[in-house]
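Work out the full structure, taking the sequences as your base and the hints as a guide.
Given next are the chains, with one letter for each unit.
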Amino acid sequence: MTDSSATPAVRMTGIAKRFAAVQAVAQADLSVQPGEIHALCGENGAGKSTLMKILCGMNGCDDGRIEVHGQDVTGWSTARAIAAGVGMVHQHFMLVPTLTVAENVVLGREPLRHGLLDLEKAVADVEQLCKQTGLSVPARALVAELSVGQAQRVEILKVLHRGARVLLLDEPTAVLSPPEVVELWKVLRTLRGSGTTILLVTHKLDEVMELTDRITVMRQGRTVAVLQTPETTPEILAEAMVGREVDLRVQHAKRAGSRGDVVLQLRDLRVAGRRIAEAIRGISLDVRAGEILGIAGVEGNGQAELLEALTGLRPVLSGEISLNGKNINALTPRARGDAGLSHIPEDRHERGLILEFSVADNLVLGQQHHFGSKGLLDRRAIDAHAQAAIAAWDIRPPDPQAPVRTLSGGNQQKVVIAREMARDFSVLIAAQPTRGVDVGAIEFIHDRLRQARDAGKAVLLVSAELREILTLSDRIAVLYGGQLVAVLPRDACSEAILGGYMTGLGSTTEAA
Amino acid sequence: MSLLHFFGQTLRIATPYLFAAAGGALAERAGVVSLTLEGFMLGGAFGAAIGAWLGGGAWFGILGGLAVGLLLGGLHALGSIRFGADQIVSGVAINLLVVGATRFALQLAFDSSSNSPRIAGFDGFANPLIWAALLLTPLLAVLLNRTRLGLRIRAVGEHPQAAATLGVPVARVQAVAVVISGGLAALGGAYLTLDQHQFTDSMTAGRGFIALAAVIFGRWQPLRAAVACLLFAAAETLQIQLQATQWIAAQFVVMIPYVLTIVAVAGAVTRAKPPAALGRPLAS
Ligand SMILES: Nc1ncnc2c1ncn2[C@@H]1O[C@H](COP(=O)(O)OP(=O)(O)OP(=O)(O)O)[C@@H](O)[C@H]1O
Ligand SMILES: [Mg+2]
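Residue numbers (our numbering), protein chains in the order written: chain G, 1 to 512; chain Y, 1001 to 1284.
Treat the hints with care, since some could be wrong.
Stated by the list, open to error - Between beta-carbon pairs, the in silico distance windows are:
no., chain 1, residue 1, chain 2, residue 2, range
1, Y, ALA1105, G, ASP378, 51 to 57 Å
2, Y, THR1147, G, TRP185, 35 to 41 Å
3, G, SER136, Y, LEU1097, 53 to 59 Å
4, Y, ARG1146, G, PRO179, 49 to 55 Å
5, G, GLY325, Y, VAL1089, 52 to 58 Å
6, Y, VAL1227, G, LYS186, 46 to 52 Å
7, Y, ALA1105, G, ARG274, 40 to 46 Å
8, Y, LEU1139, G, LEU355, 34 to 40 Å
9, G, ILE276, Y, THR1147, 32 to 38 Å
FYI, nobody ran anything at the bench for these hints, they're computed from the structure.
These numbers were taken from a predicted model, which means no experiment stands behind them.
Glycine included, each C-beta is placed from N, C-alpha and C at the ideal position.
Here it is, written out as structure tokens:
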């Protein structure tokens, strides 16, 4: 499929990029053949996103040379990159929430009729593109109303609408559910078939093995290896990324202690939906101290609303949420936090972080009243707290004063988790806790979740990734259509069994 | 007082608000804070006096006001967008600059510290700016919602980064919005001068801020903002007419429009959602 003698679609040589004190990229070389799916792998903060942003004209580079289809384009602008058919789907959504899907897709390349916007044409174009690619989204809907999966599809449509022949995808599957990932693979293979060159960043090694032709590995800003996918293994790849041997065997570690008392109790909970009258339709569930309870389900079956109701961001219609035997229905999010509820939100940018604030300040968000007195913050305590968290979680760069915006995606995620696990909690609600973090960090986060459980905490894990649910959980509940259609012990579960329930095929068995 | 008279009076008082609020809505939707409306208006008022004086006709007044407004808009764009100064600081600076500069120029041109001599103007409803103000609202709605520039303005004010990744020249779109905003607000000021056949020192008297309040009250939507302008103008008309009757102590009557503005804005801000990137320029 790849012809090494052809002019590369992309050739980057000796690229360097520095942000103040951080050398994000140094001496990076990348060569991608036309019509190939090429993976860019590396740890959090290795410089993958930066390298891609340089390629698509969003960032300049201090040194090096970029060629696209044999032409020197070093230092070009986003507009020129788009015109030359290089389009990027960013790691964090780049969508205008107050505009419709169609408006977002055509922005910058708007169809006109008699000098006015031709929105009907925009809608028609989007619908046509949806049909061609199999990506389906409602063209007239406001982006603010979309699920993350749909938003991701809009991002890809945006790039395709511009006729991209070189497609850069920065962790496109981090927010997708497994069926959506399968869909995306189909789309990418079709695109490759029609001659599109694809450069893909992902932390999921099985995706890399399954989909790509070649892999470039980055470590600390440098490109350290180029591998032919068929000749490599996940172990070799992980070792190249981390620079040491990594144990990739995931085992389900049984809980050490015994199940304790019920700490989080839901009784006939009903919650209104974002788009529908009732998204959670009568859920009862007991979560006990010393267990990890996983909630599996295809996105859009009430997960978001359930999380919002539990954390106090959305009122309940009826029913009861109790924490340690106390009804918390009426408590504010902050009071819930003080009562022992910790929350790793699923979207770190929307709910987890204030991007302009420093790492140190983000590490005390929501708990700032515990860092100071009489309305004044105790800066020294906050900094000490930050130093400890940075060391414990290997947050890079290790600078408490760096604005969180400047951290790589995976490191931003670590800031959120570090904050939520540092507080004194009895129940941890972990939504997509490993979204966007590298293999090493996933292992680390999983260990910490297990330790919390073994220390007698309860963990409610919501994840789109079945593998993660199966690896961590002691019990698994399946959410389908706003109801728990199954609550099973881990040993009674397999991907196939859960898959059946998730798609509504399995019948209701044991109640909570 | 007849109802017709009341509406007529309201419309005349609303005209400068309608212009300034249209300008304000445009700039704020592009993400640039519109504290400058007051300065744009006052500059426009003075420009109208100079234009009408030099040209010897009221239409030259309109041109003069517009020119000064575009210039001031350009200055604000240069400061806050090109050189990245804080938009609020740049806005306040422009307001102060215009107060001083018009006073100085008044002295230079007309050798007076309080007002210009009588100049050409329009009498009452013969003023074309009144009718233009009425057309302005639907035109602005079309501009924002149905044109390429409008779509880009809305995108840039909400998520400049996203717009930039699509090759939209964020700074240029914002600059265009601010310059147009300057021209529009200045026409509001020019109306005052041409209506009164004279420029007087600081004659806009806070109207730019009331227009900004109307934008916020109108939740940054042209139509709602226009309604807010008419509402504020109606309150002012009521105040003038009540004052003539002397039923209530004049001091309280004079307060009506301001109190109404405060109440309206206080009520609105809790629900209003400004453009997400308002006042936060795109870091390069
Ligand atoms: N705008 C910026 N200002 C300062 N530092 C930055 C900026 N953007 C990136 N960096 C730094 O550059 C380094 C590389 O970041 P980059 O986002 O490219 O990593 P990444 O490989 O994409 O990681 P991840 O897998 O976590 O997304 C990091 O140390 C990051 O903190
Ligand atoms: Mg990244």
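(request) Please write out, lowest number first, the hints stated earlier that are contradicted by the structure. (result) 4, 7
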